[in-house]
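Asks: Residue numbering for the sequence shown follows full-length UniProt numbering, starting at 1 and increasing by one per position.
None of these hints come from the bench; they were simulated from the model.
Keep in mind it's a predicted model, so treat the numbers as computed, not measured.
Ideal Cβ positions, reconstructed from N, Cα and C, are used throughout, including at glycine.
Incorrect hints may have been included.
Said to hold, decoys possible - Computed spacing ranges between beta-carbons, pair by pair:
#	residue 1	residue 2	range
1	Ala-4	Thr-60	33 to 43 Å
2	Arg-78	Val-28	32 to 42 Å
3	Arg-18	Glu-53	12 to 22 Å
4	Ala-59	Lys-9	23 to 33 Å
5	Arg-78	Phe-38	13 to 23 Å
6	Glu-53	Asp-88	32 to 42 Å
7	Ala-4	Arg-78	30 to 40 Å
8	Glu-2	Asn-49	23 to 33 Å
9	Ala-46	Glu-22	23 to 33 Å
10	Lys-92	Arg-33	39 to 49 Å
Claimed, not checked - Derived lysine-lysine pairs resembling DSBU-like cross-links, with alpha carbons at most 35 Å apart:
#	residue 1	residue 2
11	Lys-92	Lys-55
12	Lys-9	Lys-55
13	Lys-89	Lys-55
14	Lys-55	Lys-15
15	Lys-91	Lys-55
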Amino acid sequence: EELAIEAAKLLDERKMVRFNPESGNLAVTNMGRVASHFYIRNQSVATFNEMMEQKRDYATDADLLHIMCCADEFENLRVRPEELDEVDKIKKVKFYPGALTSKLPPNKYFSRNSISLLGGIEAP
1 EELAIEAAKL
11 LDERKMVRFN
21 PESGNLAVTN
31 MGRVASHFYI
41 RNQSVATFNE
51 MMEQKRDYAT
61 DADLLHIMCC
71 ADEFENLRVR
81 PEELDEVDKI
91 KKVKFYPGAL
101 TSKLPPNKYF
111 SRNSISLLGG
121 IEAP
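Please put together the full structure from these sequences, using the hints given.
Replies: Structure, rendered in structure tokens:
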């Protein structure tokens, strides 16, 4: 019972459920429903919440893409050896601050055939 209460409190903090400790009632939120449907880890939701709080007034498309790419689900993705040349080309282009500091490898941003970036910038 204690473990369930602690889990409910954690999910409430992360805005995935609404938990009333007095009654023990749980109510799922839209965030929790989406996380459950798409198998998003609760730590990723915490990261999303924290980063979106910093961008409360305005977030660009690039900001939102960066936030999504910081999800824990991407931490085990690796670049294949045959993609290293493309990754080197991508690293030479400045997309936006922090573009290559996410957990998602750069090859997941762009197709293999063309390195055409948002805004019409092309890699050298």
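Asks: Each of the hints needs a verdict: does it hold here or not?
Replies: Outcome of the hint check:
1. The hint said 33 to 43 Å for the Cβ distance between Ala-4 and Thr-60, and at roughly 40 Å that hint holds.
2. Between Arg-78 and Val-28 the Cβ separation comes to about 34 Å, which falls inside the hinted range of 32 to 42 Å.
3. The given range of 12 to 22 Å is respected by Arg-18 and Glu-53, whose C-beta atoms sit roughly 18 Å from each other.
4. The supplied range of 23 to 33 Å is met by Ala-59 and Lys-9, whose beta-carbon atoms lie about 28 Å from each other.
5. Roughly 22 Å separates the CB atoms of Arg-78 and Phe-38, a value that falls within the hinted 13 to 23 Å.
6. The beta-carbon spacing between Glu-53 and Asp-88, approximately 35 Å, falls within the hinted interval of 32 to 42 Å.
7. Checked against the hint of 30 to 40 Å, the pair Ala-4 and Arg-78 passes, with Cβ atoms roughly 37 Å apart.
8. Checked against the hint of 23 to 33 Å, the C-beta distance between Glu-2 and Asn-49 comes to roughly 25 Å, which is consistent with it.
9. The beta-carbon spacing between Ala-46 and Glu-22, approximately 25 Å, falls within the hinted interval of 23 to 33 Å.
10. Separation of Lys-92 from Arg-33 is about 41 Å and conforms to the stated range, judged on CB atoms against 39 to 49 Å.
11. A C-alpha spacing of about 27 Å is found between Lys-92 and Lys-55, which places the hinted pair at or below 35 Å, so the restraint holds.
12. Pair hint Lys-9 plus Lys-55 holds up; C-alpha atoms about 25 Å apart against a cutoff of 35 Å.
13. Only pairs whose Cα atoms come within 35 Å are accepted, and Lys-89 paired with Lys-55 is accepted, the gap being roughly 30 Å.
14. Taken as a hint, the Lys-55 and Lys-15 pair is honoured in the structure, with Cα atoms around 17 Å apart against an allowance of 35 Å.
15. A threshold of 35 Å between alpha carbons decides the hint, and for Lys-91 with Lys-55 the separation of about 25 Å falls inside it, so the pair holds.
The structure fails none of the hints (numbered hints given earlier).
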